[in-house]
Every structure is written in structure tokens, then in C-alpha cells.
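Residue numbers (this note's numbering), protein chains in the order written: chain A, 1 to 115; chain B, 116 to 228.
These are calculated hints, taken from the structure and not from any lab test. None of these values were measured; they are calculated from a predicted model. There could be a bad hint or two in this list.
[Unchecked claim] To give a feel for the contact side, a few chain A residues facing chain B, derived at Cβ under 7 Å:
hint, residue
1, L19
2, P40
3, L47
4, R55
5, R107
6, Q110
7, W114
[To be verified] As a list, the in silico DSBU-like pairs of lysine-lysine whose alpha-carbon atoms are at most 35 Å apart:
hint, chain 1, residue 1, chain 2, residue 2
8, A, K68, B, K133
9, B, K128, A, K42
10, B, K170, A, K42
11, B, K168, A, K1
Just so it is clear, CB atoms sit at the ideal spot from N, CA and C, and this is done for glycine as well.
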Amino acid sequence: KQEVTQIPAALSVPEGENLVLNCSFTDSAIYNLQWFRQDPGKGLTSLLLIQSSQREQTSGRLNASLDKSSGRSTLYIAASQPGDSATYLCAVKADRGSTLGRLYFGRGTQLTVWP
Amino acid sequence: DVKVTQSSRYLVKRTGEKVFLECVQDMDHENMFWYRQDPGLGLRLIYFSYDVKMKEKGDIPEGYSVSREKKERFSLILESASTNQTSMYLCASRGWGEGNTIYFGEGSWLTVV
Numbered sequence: 001k002q003e004v005t006q007i008p009a010a011l012s013v014p015e016g017e018n019l020v021l022n023c024s025f026t027d028s029a030i031y032n033l034q035w036f037r038q039d040p041g042k043g044l045t046s047l048l049l050i051q052s053s054q055r056e057q058t059s060g061r062l063n064a065s066l067d068k069s070s071g072r073s074t075l076y077i078a079a080s081q082p083g084d085s086a087t088y089l090c091a092v093k094a095d096r097g098s099t100l101g102r103l104y105f106g107r108g109t110q111l112t113v114w115p
Numbered sequence: 116d117v118k119v120t121q122s123s124r125y126l127v128k129r130t131g132e133k134v135f136l137e138c139v140q141d142m143d144h145e146n147m148f149w150y151r152q153d154p155g156l157g158l159r160l161i162y163f164s165y166d167v168k169m170k171e172k173g174d175i176p177e178g179y180s181v182s183r184e185k186k187e188r189f190s191l192i193l194e195s196a197s198t199n200q201t202s203m204y205l206c207a208s209r210g211w212g213e214g215n216t217i218y219f220g221e222g223s224w225l226t227v228v
């Protein structure tokens, strides 16, 4: 069964720092990988989606990379701001067998950016 | 703008009650999902649906059922609520295009007393 791990579980940094959040997965047979943001008590908001054939995606200060063969993805946040404080989750979409189409989520990295 | 709407944000129900959680999406998506989210356990899939009247069990279907009579609406039913079903419930939908991006509702906080 696919397992998704996110490291670190929590991160606290001063404003302005560049950050790297890590996501690893055990089965490389994925269709895509998606990064989400979740504010306290709210639903998930999609940030970036990387197809399995792609290496990276960028949106503003966010850049996500994917190394499918090694089972890793990173989310890079440039020049962090207090408004970036949230929990960041990654999810992979299965690509084969009985789990086709299923999403597997990591447990998230809780980010705090202080002024 | 993309919209997944969960009708109830906060509910308090008594043990044994039948509970309905409603979810509506306005994107004409074929796929809809119900997850629950608990501290330390992350998101767990309860049920999903690929089409009207179609449903598939997720990882934790016990104690739940679902209904999808119309494409835009996916309901989660707790037949007899129990205290261990106190949780945050998240509905999501996904189309076959758009890179398969999945969209979530705001969540429904259910407390069973």
C-alpha cells in the first residue's frame, strides 16, 4: 500500500526565510502529486499539481519538484511571510491496480512564519 | 470560480441519531469523495463515487453509507452516530480533465455526544 511521509511535521521560521518542505512516497507508480494548504478549521486548497511526466511546477513564490523514481517531492517557498502560516499536505494519485485513481495523503507539515 | 459546498459547518448530534452530511459541487465533476480528518491520523477516505448511483468503499467505510442520486450532490450518512465518529468531515470533487486537480469543501465539524 502506498505510504506518504512528510518531514518535518512542524516548522517555525522568521519572516523572509526560504523554506523546503519534503514529501516522500513508497510506490513510484503515481499518476500525479498535489500540494495543498490547509488553514486551521478549514478545507484544503490546492497549490500545485505535478503530473508524473513533469519535474516541477511553479506558482508565484511556490515551486514544487518531483523525482518519481526516488519517490520524493519538495515544496519550496521563497521569501516566507506570516500569511504562509498553515499546514501543507502532499497527496499522490495512484496509477495502477485496484487503487487506480485513489489519493494518498501525508499528514502534513505545520508551518509557522513569525514576523 | 470552483465551488464545493458542505451544507453544515458545525453539528452536534446525540449518540444513535441518524446524521446526514450534504455536499454539492458546481463543476460538473464525475468524481466525489468523503474523507474524515483526525489529529495524528491525517485524512482517511470513507467513500467515493465515480458517477451517479455509483459508490466505492474507501479505507474506513464502517458505520457510514453514501448516496449519489444526482451528479452534483454526494451525501454521507451516519446510520447511528457514535462518539468515535466525532471528527472533521471533508468532501471533495474531481473531474477527468484540469490535470485531475481535486477541490475540497470547507469541512463539517461533527460532534457526537
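Hints and how they fare:
1. L19: violated (21 Å)
2. P40: violated (11 Å)
3. L47: Constraint on L47 of chain A not satisfied, violated at 10 Å.
4. R55: violated (15 Å)
5. R107: The hint holds - R107 of chain A has a Cβ within 7 Å of chain B, the shortest such distance being about 4 Å.
6. Q110: This interface hint is violated because 11 Å lies over the 7 Å limit.
7. W114: Check failed: Cβ of W114 of chain A comes no nearer than 23 Å to chain B, outside 7 Å.
8. A:K68 / B:K133: Between K68 of chain A and K133 of chain B the Cα gap is close to 44 Å, so the pair fails against 35 Å, i.e. violated.
9. B:K128 / A:K42: With a Cα-Cα distance of about 21 Å, the restraint between K128 of chain B and K42 of chain A holds, given a limit of 35 Å.
10. B:K170 / A:K42: holds (26 Å)
11. B:K168 / A:K1: With Cα atoms ~28 Å apart, K168 of chain B and K1 of chain A stay inside 35 Å; holds.
Of the numbered hints listed earlier, those contradicted by the structure are 1, 2, 3, 4, 6, 7 and 8.
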